[in-house]
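Single-letter residue listing:
Protein chains: 2
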Amino acid sequence: MSNQKLFNVAVVGATGAVGEQIIRLLAERNFPIQELKLLSSARSAGSKVSFKGQEITVQEATPDSFQGVDIALFSAGGDVSKALIPEAIKHGTVCVDNTSAFRMDPETPLVVPEVNIDKVNEHKGVIANPNCSTIQMVQTLKPLYDRYGISRIIVSTYQAVSGAGARAIDEMLRQSREVLAGNEVEPQILPVGSLPKKHQIAFNAIPQIDKFVENGFTYEEMKMINETKKIMGDESLEVTATCVRVPVVYGHSESVYVELKSDFDIEEVKQLLADAPGIILQDNPAEQVYPLATDAAGKLETFVGRVRRDLSNPRALNLWIVSDNLLKGAAWNAVQIAEYIAIEQN
Amino acid sequence: MSNQKLFNVAVVGATGAVGEQIIRLLAERNFPIQELKLLSSARSAGSKVSFKGQEITVQEATPDSFQGVDIALFSAGGDVSKALIPEAIKHGTVCVDNTSAFRMDPETPLVVPEVNIDKVNEHKGVIANPNCSTIQMVQTLKPLYDRYGISRIIVSTYQAVSGAGARAIDEMLRQSREVLAGNEVEPQILPVGSLPKKHQIAFNAIPQIDKFVENGFTYEEMKMINETKKIMGDESLEVTATCVRVPVVYGHSESVYVELKSDFDIEEVKQLLADAPGIILQDNPAEQVYPLATDAAGKLETFVGRVRRDLSNPRALNLWIVSDNLLKGAAWNAVQIAEYIAIEQN
Numbered sequence: 001m002s003n004q005k006l007f008n009v010a011v012v013g014a015t016g017a018v019g020e021q022i023i024r025l026l027a028e029r030n031f032p033i034q035e036l037k038l039l040s041s042a043r044s045a046g047s048k049v050s051f052k053g054q055e056i057t058v059q060e061a062t063p064d065s066f067q068g069v070d071i072a073l074f075s076a077g078g079d080v081s082k083a084l085i086p087e088a089i090k091h092g093t094v095c096v097d098n099t100s101a102f103r104m105d106p107e108t109p110l111v112v113p114e115v116n117i118d119k120v121n122e123h124k125g126v127i128a129n130p131n132c133s134t135i136q137m138v139q140t141l142k143p144l145y146d147r148y149g150i151s152r153i154i155v156s157t158y159q160a161v162s163g164a165g166a167r168a169i170d171e172m173l174r175q176s177r178e179v180l181a182g183n184e185v186e187p188q189i190l191p192v193g194s195l196p197k198k199h200q201i202a203f204n205a206i207p208q209i210d211k212f213v214e215n216g217f218t219y220e221e222m223k224m225i226n227e228t229k230k231i232m233g234d235e236s237l238e239v240t241a242t243c244v245r246v247p248v249v250y251g252h253s254e255s256v257y258v259e260l261k262s263d264f265d266i267e268e269v270k271q272l273l274a275d276a277p278g279i280i281l282q283d284n285p286a287e288q289v290y291p292l293a294t295d296a297a298g299k300l301e302t303f304v305g306r307v308r309r310d311l312s313n314p315r316a317l318n319l320w321i322v323s324d325n326l327l328k329g330a331a332w333n334a335v336q337i338a339e340y341i342a343i344e345q346n
Numbered sequence: 001m002s003n004q005k006l007f008n009v010a011v012v013g014a015t016g017a018v019g020e021q022i023i024r025l026l027a028e029r030n031f032p033i034q035e036l037k038l039l040s041s042a043r044s045a046g047s048k049v050s051f052k053g054q055e056i057t058v059q060e061a062t063p064d065s066f067q068g069v070d071i072a073l074f075s076a077g078g079d080v081s082k083a084l085i086p087e088a089i090k091h092g093t094v095c096v097d098n099t100s101a102f103r104m105d106p107e108t109p110l111v112v113p114e115v116n117i118d119k120v121n122e123h124k125g126v127i128a129n130p131n132c133s134t135i136q137m138v139q140t141l142k143p144l145y146d147r148y149g150i151s152r153i154i155v156s157t158y159q160a161v162s163g164a165g166a167r168a169i170d171e172m173l174r175q176s177r178e179v180l181a182g183n184e185v186e187p188q189i190l191p192v193g194s195l196p197k198k199h200q201i202a203f204n205a206i207p208q209i210d211k212f213v214e215n216g217f218t219y220e221e222m223k224m225i226n227e228t229k230k231i232m233g234d235e236s237l238e239v240t241a242t243c244v245r246v247p248v249v250y251g252h253s254e255s256v257y258v259e260l261k262s263d264f265d266i267e268e269v270k271q272l273l274a275d276a277p278g279i280i281l282q283d284n285p286a287e288q289v290y291p292l293a294t295d296a297a298g299k300l301e302t303f304v305g306r307v308r309r310d311l312s313n314p315r316a317l318n319l320w321i322v323s324d325n326l327l328k329g330a331a332w333n334a335v336q337i338a339e340y341i342a343i344e345q346n
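So the sequences go chain by chain: A and B.
Note that UniProt numbering has the first sequence beginning at 1, numbered continuously upward.
Note that UniProt numbering has the second sequence beginning at 1, numbered continuously upward.
Please note that a few of the clues may not be correct.
Because identical chains cannot be distinguished in the list, a pair is counted as satisfied if it fits within a single copy or across any two copies.
Simulated crosslink set (DSS-like; lysine-lysine; CA at most 25 Å straight-line) [to be verified]: (1) K198 <-> K124; (2) K82 <-> K119; (3) K211 <-> K270; (4) K299 <-> K5; (5) K299 <-> K198; (6) K197 <-> K299; (7) K52 <-> K299; (8) K211 <-> K90; (9) K198 <-> K48; (10) K5 <-> K52; (11) K270 <-> K197.
Bear in mind the hints are in silico, worked out from the structure with no lab data behind them.
These numbers come from a predicted model, not from an experiment.
Please build the complete structure, drawing on both the sequences and the hints.
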């Protein structure tokens, strides 16, 4: 991008786990930035963040913060997005929102670049970034959807604590130390910070991410179900999800059963996955090669393995999908969308 | 059981993780024992184990060890069972085998007492104890199978390291300490002790338990598939499994999707589960009550929660099933079978 247009960019939630990764990626990717504005809550305002050798002071995000801002990336929670994105839009800012605030709004595109980047062009000021656990699954299933059609998806997740923020990471590591020392643990954050009851995450598996809906599913599970249909643009897709928090720091893993609409050749499936953008096929059982959260951590790609034809349903196959939930699951997907916006305006 | 017959009982693999629990349960349950013989490999022979206040010296298991033994409980690995159970049978010993050696042998009953205890009476000297991950699932699904019929089961597991033995527990705890101290880890045991490649289990999720079969599934997954059909006595059952090791010490968790053959009322399902023997329903989303591995550890029961009707398939429901893999998943199921044998002979 030479002689390219430069953009005034804002990162809202600049001191959070996702915000930090967005800032790092904007630098690494040499995003065409004129001025970078870092915004946060009043509590975190005043702290300094380094960006390409320069120190930027974090400012409190207010409705007036978006004057002159071309592109803003939001990851400061749904309430902040709901309050400030309408204000930013008034200033002509194009917003990429990492929260769930606008995801199911029919006017708002919900975008995984490898799946439906063209939807960005339909935006009315805000493009929503899907939930972390949805992104890696939809990205992986897209080439199979296009080639064979998909009728049903049944997914069980193994989600990292970083998905619940930096404080959840600290809690999991602290609890692990306590258990190893033979002490009692006092859970304070997980499974859901705003709910009264807490459970130990160290050396445990908690089948609750986000609050419960009336139907017995959690919001996290409903996000996977509803967002998958919206991103694929197919309301007939049947999706079931069980979302579970495990004591992993970075990297969501997913066990996915998928029923296709037509017959398939398993080697062709593997080739489609290997050729798909942003996906790395790691699938060699004889050599014990399959995706692992510890390997995916820090990487931008989504990893898939354990690709095998179902034994009872010849139209079904099983997959193990792993990706860094803070990167492709959040920051990287958002920066990809911002890069597309920048290229379109050049 | 007053004036009851007393039995000469042998525990083979007395110093292993499961053997220890069997000995503890035989004491706690006041099993009608005349003499308890503790057997192990030559390496562990000579060590002393306390049983009801008396010290018993562990002896090397040999073909002659079973002279005069009425009931033997085996958990010393498949090779030991294959070598010694035929010898024990020659001495008239009834064997309860915790390994996979005889499970799929058509002559050998594969028993979960709550499901098919009557099969014990068909034994020809050996009764097989199913795989840990199978037992808790089949036990939970049995009342639903009886009431509605089951056509399909899709399960993803979250299995504790204790399923791979005491050395795997040590490895996971040691690795956790290393990671917390910021050091590199050098995996030595998991995922499969006898295979060359090792993976970190601390703060990770490994989608491999046991070796791989040609079809891309692991033996652990094939055990869940084949044993479930055999225990239910229904070869038409369609079962898919993905088995994953997680950094939990005790307690396997399972995310289970099950398609029933007839319509159901979800409250009736919950009642059936609550009333089933050995099962505790822990299901109150509003109060964040659901089974957790850390709660199930040390308990004899199987815990079920997250019971909810599927949103896309009205004949399907989803469950979260947790049990202590060394107890109901191994030692307790074996002792239950031994108790049945003892009662039948009284």
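Evaluation of the provided hints:
| no. | hint | in the structure |
| --- | --- | --- |
| 1 | K198 <-> K124 | neither (39 Å within a copy, 50 Å between copies) |
| 2 | K82 <-> K119 | within (21 Å within a copy, 62 Å between copies) |
| 3 | K211 <-> K270 | between (36 Å within a copy, 21 Å between copies) |
| 4 | K299 <-> K5 | neither (28 Å within a copy, 65 Å between copies) |
| 5 | K299 <-> K198 | between (31 Å within a copy, 21 Å between copies) |
| 6 | K197 <-> K299 | between (34 Å within a copy, 22 Å between copies) |
| 7 | K52 <-> K299 | within (21 Å within a copy, 56 Å between copies) |
| 8 | K211 <-> K90 | neither (32 Å within a copy, 59 Å between copies) |
| 9 | K198 <-> K48 | neither (33 Å within a copy, 42 Å between copies) |
| 10 | K5 <-> K52 | within (19 Å within a copy, 82 Å between copies) |
| 11 | K270 <-> K197 | between (43 Å within a copy, 23 Å between copies) |
Violation of the numbered hints given earlier is confined to hints 1, 4, 8 and 9; the remaining hints are satisfied by the structure.
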